[in-house]
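> Order-wise, the sequence lines are chains A and B.
Counting the first sequence from 1 gives a position; this note's numbering is that position plus 2.
Counting the second sequence from 1 gives a position; this note's numbering is that position plus 18.
These are computed hints drawn from the structure, not numbers from a lab.
Errors might be hidden in some of the hints.
With a straight-line cut-off of 25 Å between C-alpha atoms, the simulated DSS-like cross-links for lysine-lysine are [to be verified]:
no.: 1; chain 1: A; residue 1: K209; chain 2: A; residue 2: K199
no.: 2; chain 1: B; residue 1: K129; chain 2: A; residue 2: K219
no.: 3; chain 1: A; residue 1: K205; chain 2: B; residue 2: K231
no.: 4; chain 1: B; residue 1: K129; chain 2: A; residue 2: K209
no.: 5; chain 1: A; residue 1: K181; chain 2: A; residue 2: K193
no.: 6; chain 1: A; residue 1: K178; chain 2: A; residue 2: K198
no.: 7; chain 1: B; residue 1: K231; chain 2: A; residue 2: K198
no.: 8; chain 1: A; residue 1: K161; chain 2: A; residue 2: K181
no.: 9; chain 1: A; residue 1: K161; chain 2: A; residue 2: K107
no.: 10; chain 1: A; residue 1: K219; chain 2: A; residue 2: K199
no.: 11; chain 1: A; residue 1: K127; chain 2: A; residue 2: K107
no.: 12; chain 1: A; residue 1: K260; chain 2: A; residue 2: K248
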Amino acid sequence: MTPGAVTAPSIATTAGPSAAPLCHHRHRRRGPVPRGARGSPARPPRAARPPPAGSGPSSRRLPLHGRRSRRLHCGKLTSLAAAAAPPAPALAAMGAVTDDEVIRKRLLIDGDGAGDDRRINLLVKSFIKWCNSGSQEEGYTQYQRMLSTLSQCEFSMGKTLLVYDMNLREMENYEKIYKDIENSIAAAHEKISECKKQILQAKRIRKNRQEYDALAKVIQHHPDRHETLKQLEALGKELQNLSHIKENVEDKLELRRKQFHVLLSTIHELQQTLENDEKLSEAEESQETQMEAEAKQ
Amino acid sequence: TTPGAPRARNQKRKRNRKRRHRPVAAATIATWRCRRRRAECGGRGSCCTSRCWRRARPRAGGSWRPPTTSGRSPSSAHNGPVYSLASTERLLLSGSDGEIRAWSWAELGRKGCRELWTRRPPCRSSLEVPEINGLEVNQRDHWVALAGGDGAVRVLDLESGAFTHELRGHQDLVHVVALREQLPQVLSGGEDGTVRLWDLRTGAQVQLIEVHKYQECSRPQLGKWIRCLATESDWMVCGGGPALTLWHLRSGTPTTVFGLAQPQHHALFHQDLVLSGGVGPALHLLQLSGDVRGKVPVTPAALRSLCLHPRSPEHQVLTVAGNSPKIDVFTNLGYRAFSLSFT
Numbered sequence: 003m004t005p006g007a008v009t010a011p012s013i014a015t016t017a018g019p020s021a022a023p024l025c026h027h028r029h030r031r032r033g034p035v036p037r038g039a040r041g042s043p044a045r046p047p048r049a050a051r052p053p054p055a056g057s058g059p060s061s062r063r064l065p066l067h068g069r070r071s072r073r074l075h076c077g078k079l080t081s082l083a084a085a086a087a088p089p090a091p092a093l094a095a096m097g098a099v100t101d102d103e104v105i106r107k108r109l110l111i112d113g114d115g116a117g118d119d120r121r122i123n124l125l126v127k128s129f130i131k132w133c134n135s136g137s138q139e140e141g142y143t144q145y146q147r148m149l150s151t152l153s154q155c156e157f158s159m160g161k162t163l164l165v166y167d168m169n170l171r172e173m174e175n176y177e178k179i180y181k182d183i184e185n186s187i188a189a190a191h192e193k194i195s196e197c198k199k200q201i202l203q204a205k206r207i208r209k210n211r212q213e214y215d216a217l218a219k220v221i222q223h224h225p226d227r228h229e230t231l232k233q234l235e236a237l238g239k240e241l242q243n244l245s246h247i248k249e250n251v252e253d254k255l256e257l258r259r260k261q262f263h264v265l266l267s268t269i270h271e272l273q274q275t276l277e278n279d280e281k282l283s284e285a286e287e288s289q290e291t292q293m294e295a296e297a298k299q
Numbered sequence: 019t020t021p022g023a024p025r026a027r028n029q030k031r032k033r034n035r036k037r038r039h040r041p042v043a044a045a046t047i048a049t050w051r052c053r054r055r056r057a058e059c060g061g062r063g064s065c066c067t068s069r070c071w072r073r074a075r076p077r078a079g080g081s082w083r084p085p086t087t088s089g090r091s092p093s094s095a096h097n098g099p100v101y102s103l104a105s106t107e108r109l110l111l112s113g114s115d116g117e118i119r120a121w122s123w124a125e126l127g128r129k130g131c132r133e134l135w136t137r138r139p140p141c142r143s144s145l146e147v148p149e150i151n152g153l154e155v156n157q158r159d160h161w162v163a164l165a166g167g168d169g170a171v172r173v174l175d176l177e178s179g180a181f182t183h184e185l186r187g188h189q190d191l192v193h194v195v196a197l198r199e200q201l202p203q204v205l206s207g208g209e210d211g212t213v214r215l216w217d218l219r220t221g222a223q224v225q226l227i228e229v230h231k232y233q234e235c236s237r238p239q240l241g242k243w244i245r246c247l248a249t250e251s252d253w254m255v256c257g258g259g260p261a262l263t264l265w266h267l268r269s270g271t272p273t274t275v276f277g278l279a280q281p282q283h284h285a286l287f288h289q290d291l292v293l294s295g296g297v298g299p300a301l302h303l304l305q306l307s308g309d310v311r312g313k314v315p316v317t318p319a320a321l322r323s324l325c326l327h328p329r330s331p332e333h334q335v336l337t338v339a340g341n342s343p344k345i346d347v348f349t350n351l352g353y354r355a356f357s358l359s360f361t
């Protein structure tokens, strides 16, 4: 093949929107190049077209299977390159942007580079090869190989779907957990404010207890009320006794006083009587002497 | 003068002379604006503090500044030093030499704000101008009790603006007043060492406690002046020259003597604690049983004033001020959160 064709595989073969360039490729294949004419005349001009700038940050060389497949590969690659590059030269300015986007899209879709896209491309190529193959056994083995590749593709598609489902469910799960956590945060806040109120209550209780203790200490200094009452009673009784005695003594004193009074008054009377008698007798004597004096004259 | 006793007013700020080159002197009193509520976590909601300080010479006007972050220029509040501050929902009251002025909180921050009104209590002679050493506001009934330097406790009705009571009985100047919550009674403590309980309905003295006569708390080497007074329901805590003691008012007996060596200048009841500050760079947290629960170091060398935000018991903010150009703010009573200072 022409060296240009060999150097052609410079575009990244990691996946892109494989469907679109494939269709494009098919269209282009069927369009300008008729099906039978796989010959070189149409190729070199396309092969000679330089690979689009900036489209190949990662260029990979394809395994070269055989001349025909190589040609097929090169043809496909060049056509893919053509498809990747904006066909109209007027879009050369936007070339970098669109290329980046295309590359990003391709990386996204088959970012792990396991080659789903490559597998599909291989499938297509092998199908075309099988269509054009002549012999029976080779055709049969190729047919089997194609079936296995197809089932592998289906399998990987099924796997991706399952993964997608799983991701969705996982997201739901996370949403639920998130809501639960938010609820528990709100509950914790409420609990905290409850506990603060309880703390205030407990502080009030403690304060009351301390006030009580302080007063109790003061009260303890004073003597017990019962004892004081008993002492009071005893004192009262003593007082009563003493007043009793005092009364008795006073009564006695009164009695004696009265008796003495009687005695003294009797004595006085007697004295008076005696004095009176003396006076009378004196008066009588003086009268007698007077009468005698008169009688003598 | 005995050490620790309050000196004459003019001499009080001598030790702050060296700070005069900065336009900031000792902040002595902090008071809260009641209206702004706690907003968020940590108890640091919006607040507005205004600070007054006393100059060594009374000719320099007493002035105050709003918080430094706003960077507003100082305005002169009084012609003399400002001795006390109190706050209501809308007003800030400041007491100075012989007059009490009211300022609106809403206008305080702006430049050139003027006072809403000024009241001068009637004094017996023009020579004897009483300083207003203490101010306490009864929020419910809208009156203010003033502790006068001439030994009289006056009551000013905020709605009518008239001085309704003049309670005389103290032999010397009155340092501090405290109000009882449930009853219309006023407690006053003074330089003569007595705490008197006045009933406002009769206008007479109901109880007299001579603190220095009780052996447990009196400290004759420090004096008998009573500087700090706080009351809650039936209990009262008072101190100064005598040791800080918890009294039961009904029986008039001292129940617990707190063993603090230095005289205390301000005390507060808070939840189940008594907070007190005085000489010595510490805020004491005391329990009613007499235990010292904590001794928190503060920036000022001596504390003169403590102020708690009056609302919201869950978020507590305490500011303390004293002999220092910085005011300490506490959100948790165990440690100092930060300090405010003037620029």
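> Hints numbered earlier in the text: which of these fail when held up against the supplied structure?
Result: hints 2, 3, 4, 6, 7, 8 and 10 break, sorted rising.
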